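**Q** Protein chains in written order, with our numbering: chain A, 1 to 405; chain B, 1 to 405; chain C, 1 to 405.
These are calculated hints, taken from the structure and not from any lab test. Please read all numbers here as calculations on a predicted model, not as lab measurements. Just so it is clear, CB atoms sit at the ideal spot from N, CA and C, and this is done for glycine as well. Check each hint, because a few of them may be wrong.
[Unchecked claim] Just some of the chain A residues that point at chain C, by a computed CB distance under 10 Å: (1) Asp255; (2) Pro257; (3) Val258.
[Said to hold, decoys possible] Mimicking DSBU-like on lysine-lysine, the simulated pairs with C-alpha atoms at most 35 Å apart in a straight line are: (4) A:Lys359 / C:Lys29; (5) B:Lys262 / A:Lys75; (6) C:Lys29 / A:Lys281; (7) C:Lys62 / B:Lys262.
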Amino acid sequence: MSFLWQVRRMWGIITDFFTYETTKSVVVKSWLVGTINRFVQLLIIVYFVGWVFLHEKAYQTKDTGIESAVMTKVKGFGRYNNQVMDVADYVVPQQGTSVFCIITRLIMTHNQTQGLCPQYGKNYRCTHDSDCDKHLRSHLANGIFTGRCLTEDGQCEVEGWCPTENDTVQTEYMEEVENFTIFIKNSVRFALFDITRGNFPRTIDINCMYDPVGNPYCPVFRVGDILRYANESFSAIANKGGQIGIHIRWMCNFDQPVENCKPTFSFTRLDEAFEDNNVSKGYNFRFAKYYRSHDEEEYRTLYKAFGIHFDVMVSGNAGKFDVIPTLINIVAACTSVGLATVLCDIILLNFLRGAERYKAKKFEEVSDTDITAEVQSQSQSLQTIRNEGKISDDSGSFSNGRQRH
Amino acid sequence: MSFLWQVRRMWGIITDFFTYETTKSVVVKSWLVGTINRFVQLLIIVYFVGWVFLHEKAYQTKDTGIESAVMTKVKGFGRYNNQVMDVADYVVPQQGTSVFCIITRLIMTHNQTQGLCPQYGKNYRCTHDSDCDKHLRSHLANGIFTGRCLTEDGQCEVEGWCPTENDTVQTEYMEEVENFTIFIKNSVRFALFDITRGNFPRTIDINCMYDPVGNPYCPVFRVGDILRYANESFSAIANKGGQIGIHIRWMCNFDQPVENCKPTFSFTRLDEAFEDNNVSKGYNFRFAKYYRSHDEEEYRTLYKAFGIHFDVMVSGNAGKFDVIPTLINIVAACTSVGLATVLCDIILLNFLRGAERYKAKKFEEVSDTDITAEVQSQSQSLQTIRNEGKISDDSGSFSNGRQRH
Amino acid sequence: MSFLWQVRRMWGIITDFFTYETTKSVVVKSWLVGTINRFVQLLIIVYFVGWVFLHEKAYQTKDTGIESAVMTKVKGFGRYNNQVMDVADYVVPQQGTSVFCIITRLIMTHNQTQGLCPQYGKNYRCTHDSDCDKHLRSHLANGIFTGRCLTEDGQCEVEGWCPTENDTVQTEYMEEVENFTIFIKNSVRFALFDITRGNFPRTIDINCMYDPVGNPYCPVFRVGDILRYANESFSAIANKGGQIGIHIRWMCNFDQPVENCKPTFSFTRLDEAFEDNNVSKGYNFRFAKYYRSHDEEEYRTLYKAFGIHFDVMVSGNAGKFDVIPTLINIVAACTSVGLATVLCDIILLNFLRGAERYKAKKFEEVSDTDITAEVQSQSQSLQTIRNEGKISDDSGSFSNGRQRH
């Protein structure tokens, strides 16, 4: 008999477990609140369908970790200092990386050797050695000041590569740079989907020229055009130097055919923030070519180069339909529709005519003093409790046999 | 007495504030819906435990902003053009950065000086000056066309570095590159956890050789092996050039000992997208070495270099247990379990036998016409309202003393 | 009449649609649970207001895809090997990019030409040709071993650039590097808000020196200071070489004036992970300068350079008030306040005195056996159902005319 009781108890627990609990609802048949409710629900649905699903494509997995490889090649010839300059002369570095500089203007100082010589420049004029003392620890000249004044030249003496550079000479820039072309080869890989794309199709005619409308997938860009798209004047940037960003954006939707995954190009001046500055405007750097004379002495030509620094930046992401985000977002949308309640409850229970009645309908009250009283009286007589139950508990659902454990 | 009334009112507001409001629920003792309910809840729990917590490790804070430093060093000697080439000869740039190129093949044009000379190439053959007109603005040759035809050579004349390059010569590639080794030193820092890790342990034998199975943490890679892992043939890439990506991935779990945080390596061909293209296959660039003759005239050797461009890319993230994401996700899991209701309600109220009865149990109706009637009759007599209240409001919770404010 | 009936039915569906459904709630007037409820709600509100809104600024749209351009310029003169070295001599590469190296120590091997010569080093000593066999395929020497032992020198013979490098010579480092200055020009663009910022104001005095407290926006950094901020000793890093990261962080809030968007700088040793390693400590690389003698033979000077490799890394994000995230997060906050119920229900229904009574209040039970009985009896007599309805359905809301469809 104890075993039978055990089985029965077990069965009770199991039946109690396989129950379903849902909230008891009050349905308010009011045109005003009903309309507000449906309207807010509509807004929420529109938000989810329009923004979350259609605009943000929440039904897709996204691959944002794009792998990119860029190769560049500049072509064109310019005349500078009675020389014809080719790509090996004016592109630095020469390996065709994504970051490179086309030199537009040069200040050259030939045949520098180690020694002592006067420092060029108005600031370094002197009549006595003491005039040069203030420069002793300066980094701004072209060598280490010896502290002596070379009275013949009227300039302070420096030790270093001599003669010193005179960068106040205003040289011309290389005009042909405007017509140089940059060929950009960009290959991207979306590792998540294992899809590889190139920035131009197999069938492209390599003699094309990029044009945002007419030829948006041509990989050959004219320097002058790039500057025009970035709203910069060639003469200003060629003279002072500057940094230009070439942005390649891949926004791909792999629910569509892979062929539709194509890049878009945009061009900006990167050092725009400093355009109004008086100091350090533009972009320049110094480099040297080293030679040895027949008596084995080293000498060099120092170049102060002004140029257009290009930076090819690749960004992008791709999406593809996936079950998990779709399910999660559908569930989120469904549950969010219920949020209309928050607003409607506020209206219903506070601002509507008869709000008190609605409150009475929605809220059922139970105070711990009632419960305590019940529990105490329960110890007196079972009959009494039942009677009290019927009085205090208006829903009438209170009877021992139907309590939930 | 007015003060006593004020205190009593205050007390009323406070007691009203410290109440607890919970939804009234209907418990449905139905095997079918109960089982569906518990099954859907189980699915949700499995999703949270299995995917969100175990797979996605939602109990961790993630550091995705990995700081990385890469240093590379190539070793090996090759014979090319009767010379022994060492690292200073064939690696560009030489600073051991994460992006570098090993030159595998060279087309050299020695002793170029500025001047006038015939342009090499079939396309530039001519018999009259007019044959050269079409080339006048071309960027594809090795200098600026003068418009003259050099009838002796039968080629158009160019101005620039002479003699011009003949890049149709098929030179051999340097076979020894296959056995060159690349040493990669990669240090990463997870700023959020202030943990720094290197890609090889202190005790590593530097004479090792990377092997994905036998020696996965050895920092020395054979070029031939890298190409094999990327499924590329050495002879093809050495001849035409190409871009290879070396990916280092750090996926670290700092709930485990820090020593377990180790990188994995993978290798891909980066310019894969262009492999089928006819134009612009491979990777090459031009550079020059500049010399001065004893009469101070500049001359140069132009190199067209084909090479393997390596790009070491580091990515990764790390996670560590944190209270806030754990709490948030536990709460999300708990509340999501309640979502089973959405599905079960649909079944219960529409497809189950006796759906109408369940509806009647779940929904309690109140229409604004009833409420309006009540409010109007209220103005007539308080007694009447109470009676009406008892009739229209079946829950019986409606009595002035128990209304909620 | 059929038409009238149709209109009436239509009207019924419409009125049913414009209803508002809200949950029926039980209000528990218990000090204990009420206080717990309000306290948990307070915690949730504090979390949302303090963490989500104030700390995480959830009311903003964020732009994390920062576009950055860096330009660097090193200044300073050092004495090395009886030469005065300037920026063109000691900075590699010279273009002023974000990654550059200042050479602090050099091991020079002058006048190398192609040929045969003894390999320097203790490991390569020999007395017979057979002693050199083990080196035949080695990458660690300075050329290709011929397999011969040069008995006069007692060293194995190599083919390559001769004489071979002796890198065991301990040369001095260039002490002046500590006083060199690095000028950093960083321009960032937040594309989403179309705002461009530079790392120093227009009015900056370019002769300033960076100091984290006194002059935090000065773009000129002393090398010695950078090493001090990174807790590294200059002499150690100048001797062995190393990698230093200069981090520029832009955390901008565009709800404030744009002028407040300023960068912060921090400095770390990037190759810290390898500091304790015995092998491959520090940072060095080899490069060569190529010359031609008057008889046109190529010779070179090989440099083994130790240096400080600097890497300027820019990161950051910006936020600005936006309606959509604000609304979403306010809704999330409001609904999350309801989560207090989860905890309070557990307390109320399990641990509180009179828990069974609360359960009886909260849960209303309906079993499918009752419903089945009802449905069956319904087929017998409509009157009977109504009676049963009154008995089994305590809420009394059950009457055909008021059922919800």
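**Q** For each hint, tell me whether it holds in the structure or not.
**A** The hints, checked one at a time:
no., hint, result
1, Asp255, "23 Å, violated"
2, Pro257, "27 Å, violated"
3, Val258, "24 Å, violated"
4, A:Lys359 / C:Lys29, "16 Å, holds"
5, B:Lys262 / A:Lys75, "44 Å, violated"
6, C:Lys29 / A:Lys281, "73 Å, violated"
7, C:Lys62 / B:Lys262, "32 Å, holds"
When each numbered hint is compared with the structure, violations occur for hints 1, 2, 3, 5 and 6.
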